[in-house]
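S.K.: Protein chains in written order, with my numbering: chain A, 201 to 320; chain B, 1060 to 1169.
Be aware that a few hints might be false.
Label pairs and their calculated CB-CB ranges [unchecked claim]:
hint, chain 1, residue 1, chain 2, residue 2, range
1, B, V1062, A, V202, 26 to 34 Å
2, A, R216, B, G1075, 47 to 55 Å
3, A, V240, B, R1106, 29 to 37 Å
4, A, S320, B, S1117, 23 to 31 Å
It should be emphasised that the hints constitute simulated quantities derived from the structure, not laboratory data. Heads up, the beta-carbon is just placed ideally off N, CA and C, and yes, glycines get one too.
What follows is the residue order along each chain.
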Amino acid sequence: QVQLVESGGGVVQPGRSLRLSCAASGFTFSSYGMHWVRQVPGKGLEWVAVIWYDGSRKYYADSVKGRFTISRDTSKNTLYLEMNTLRAEDTAVYYCARCYGSSSTPPGYWGQGTLVTVSS
Amino acid sequence: QTVVTQEPSFSVSPGGTVTLTCGLSSGSVSTSYSPTWYQQTPGQAPRTLIYSTNTRSSGVPDRFSGSILGNKAALTLTGAQADDESDYYCVLYMGSGISVFGGGTKLTVL
């Protein structure tokens, strides 16, 4: 069974950085693309970034482009999201999710999320 | 900027049938957008119901079905139950790695 466990959330000041991790198990990590999706409490889902199964391609939402970096470590079965120059509007629950199929497919399996709060 | 549209809210009677839709601010939704549907209750992670337009995810009851209706993707729930009361989101794959979520539909069963 697919398991995704996020960590690294917390309270951070505006302008600072934070790195989220997502530990994957129950499937062949190196065979699937992975997403980050966020949700402001009480609001809708927002797609953040995707990384191809082999790390060869990465794509970002305009709202985070140039500030966030998605990466993966196949040896550790772990997905990362490096978040720099954080803003108050980045406050959200961040979910990692596995593509349901090929790397060009939407999320199909979800973690439980980790809360990031950007506040002074 | 392409916007994915969903009804903000919908209500259905217990045992009734409801169809939620997922459209584009410009253009028509087709299977090439890989429409995917999620159910989310407060405080919980999203749960994938339907992917690739009409394929039910493992464990999802056949009361849920997906399709293309006209120029939109559609999620149909037949025989609504009280615990179907949730937020429902669709997502469309726009190409070049980009996925866009709709704003979600709050479904009330009463």
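S.K.: Hints first: check each against the structure and report whether it holds.
M.R.: Outcome of the hint check:
1. Distance hint check: the CB atoms of B:V1062 and A:V202 are about 30 Å apart, consistent with the given range 26 to 34 Å.
2. At about 50 Å, the beta-carbon gap between A:R216 and B:G1075 stays in the expected band of 47 to 55 Å.
3. For A:V240 paired with B:R1106, a C-beta distance near 19 Å fails the hint of 29 to 37 Å.
4. Taken as a hint, the range 23 to 31 Å is violated for the pair A:S320 and B:S1117, whose Cβ atoms sit roughly 44 Å apart.
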